[in-house]
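What follows is the residue order along each chain.
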Amino acid sequence: MLNAHMFRSLPLPWVATLILQSALAGVLLAKRLWSRFPLFSCYCLLNFILGVALFAVFNFGLRHLYFQAYWLNEGLGLLLGFAVLYEIFRHLFTPYPALRRLARQIFQGAVALLAVLGCIVAYAQPWGESNHLQASFIVVEQATRILEVGLLLSVFLFASAFGLHWRQYVFGIALGLGVFAAVELVAVTMRLQFGITANPIINICRSVSYNSSLLIWIGYILAPDLATSPAEMPKRAQLEQWNRAVMELIYQ
Amino acid sequence: MTALLVVIALALLTFTAFFVALRSRRKQAVARGEQPLDVPAFHTLVDRQDEVFLRERLPRKELYRVKRLRISVTWKYVSRISDNSAVVLRQAGMDRQNPDVNVAEAASQVVDLASQVRMQCLVAFAKLATEFVFPSMELTPAVLAPKYETLQQNVSRLRALHPENVRQLVSA
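Those protein sequences? They're chains A and B, same order as listed. For what it's worth, numbering that gives the first Met the number 0 labels the leading residue of the first sequence as 0, then goes sequentially. For what it's worth, numbering that gives the first Met the number 0 labels the leading residue of the second sequence as 0, then goes sequentially.
The hints are simulated quantities; they were obtained by calculation from the structure and are not laboratory data. For glycine and all other residues, C-beta sits at the position ideal for the given N, C-alpha and C. A couple of the hints might just be wrong.
[Claimed, not checked] Short derived list, chain A residues pointing at chain B, Cβ under 8 Å: (1) 61; (2) 123; (3) 124; (4) 148; (5) 152.
[Stated by the list, open to error] Covered stretches of chain A, as calculated for chain B (at least 3 residues, CB under 8 Å): (6) 64 to 77; (7) 157 to 164; (8) 173 to 180; (9) 187 to 197.
Produce the complete structure using the sequences and hints provided.
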């Protein structure tokens with residue numbers, strides 16, 4: 000999400016973001032994706048509405064209201080980001096009930112670990128930011144982003160360990176969210192580290208990453224699915240033979 | 000500065016995971032399905048009696064070299080089993096949404112078994128990696144069994160949630 004400093008230095012990316020957000024909203028509505036991905040649709044539409052509202056508030060020169068609206072926008076964005084993560088998890092594991100419970104246990108552990116890591120990083124963080132209220136908001140955002148990025152990383156690692164198949168839309172949503180959240184995490188950390196002086200570079204990175212995520216989402220929704228080659232399914236006896244072979248290796 | 004380094008490391012790791020996932024998605028799209036596997040050859044390869052025989056006859060340095068060689072070949076076999084079970088997992092995962100109840104039920108059972116094989120492969124990889132680094136070690140069930148049993152218990156608990164899995168699988 001974008002702020003006033005970015006608009007001052009880079010009006011074009013903010014406008015580009017609004018155009019891309021409206022395009023994404025249009026694509027979501029045209030493809031009727033709200034029924035399959037209600038949380039993601041809600042996340043995108045709310046971001047778009049709040050983006051337009053922020054743009055209007057900033058242009059009317061209501062600075063005090065802008066600060067409140069900006070942090071409300073960030074807070075809602077973070078919460079809905081977690082909701083989207085849950086939706087990714089649900090879609091990825093629906094075809095694999097045998098793995099769902101194991102995955103849930105692993106992610107519960109990951110949440111606990113990441114929460115601790117977030118707190119440690121937030122505690123160890125030097126504050127280059129002079130405005131303490133703003134710094135507090137940024138520290139909370141940093142800890143939350145650590146949790147978000149870490150959970151996305153866990154989803155990708157788990158899927159990769161079990162060779163799970165990512166469907167087109169789910170993969171696109173996860174990739175777009177991951178790119179944006181990872182760059183946001185580095186950006187808020189740099190902001191805390193170097194203060195307002197680092198803002199011009201940080202804003203360019205945030206703008207590029209958010210616009211890239213919007214392009215990824217639009218691209219993956221519009222592109223045809225990568226069809227997997229049809230292959231003959233092995234019989235149960237063959238699976239059991241592999242099972243015995245590996246068990247022998249483990250138990251010998 | 001430590002916080003910044005931790006965050007950058009996490010971000011880099013995340014981008015690496017994205018790249019790996021992108022690559023594996025493309026590979027899955029062109030994959031030809033399951034690859035053949037010579038199971039009797041695999042059994043011969045993992046036979047501990049052979050290792051005992053070699054241990055008695057070879058000097059330690061040579062024994063470790065041969066053992067590492069065997070482990071690399073075994074690794075390839077386990078990789079193939081792991082890849083094959085992933086192929087099965089993907090295909091059966093898609094078939095679970097089949098409108099034909101019998102196919103969906105059979106696919107559900109295959110998904111269950113393939114997940115089990117894939118989990119065992121992860122344990123096997125851990126065992127092989129440890130023995131490759133420390134060839135003097137012979138990881139016995141006493142070391143690995145508790146972990147493996149926990150995995151099995153997880154699978155059993157999950158199975159209990161799906162009573163239809165007890166029924167015999169109809170050939171897909």
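Comparing the hints with the structure gives:
no., hint, result
1, 61, "violated (33 Å)"
2, 123, "holds (5 Å)"
3, 124, "holds (5 Å)"
4, 148, "holds (6 Å)"
5, 152, "holds (5 Å)"
6, 64 to 77, "violated (count 0)"
7, 157 to 164, "holds (count 7)"
8, 173 to 180, "holds (count 3)"
9, 187 to 197, "holds (count 4)"
Going through the hint list in order, the structure does not satisfy hints 1, 6.
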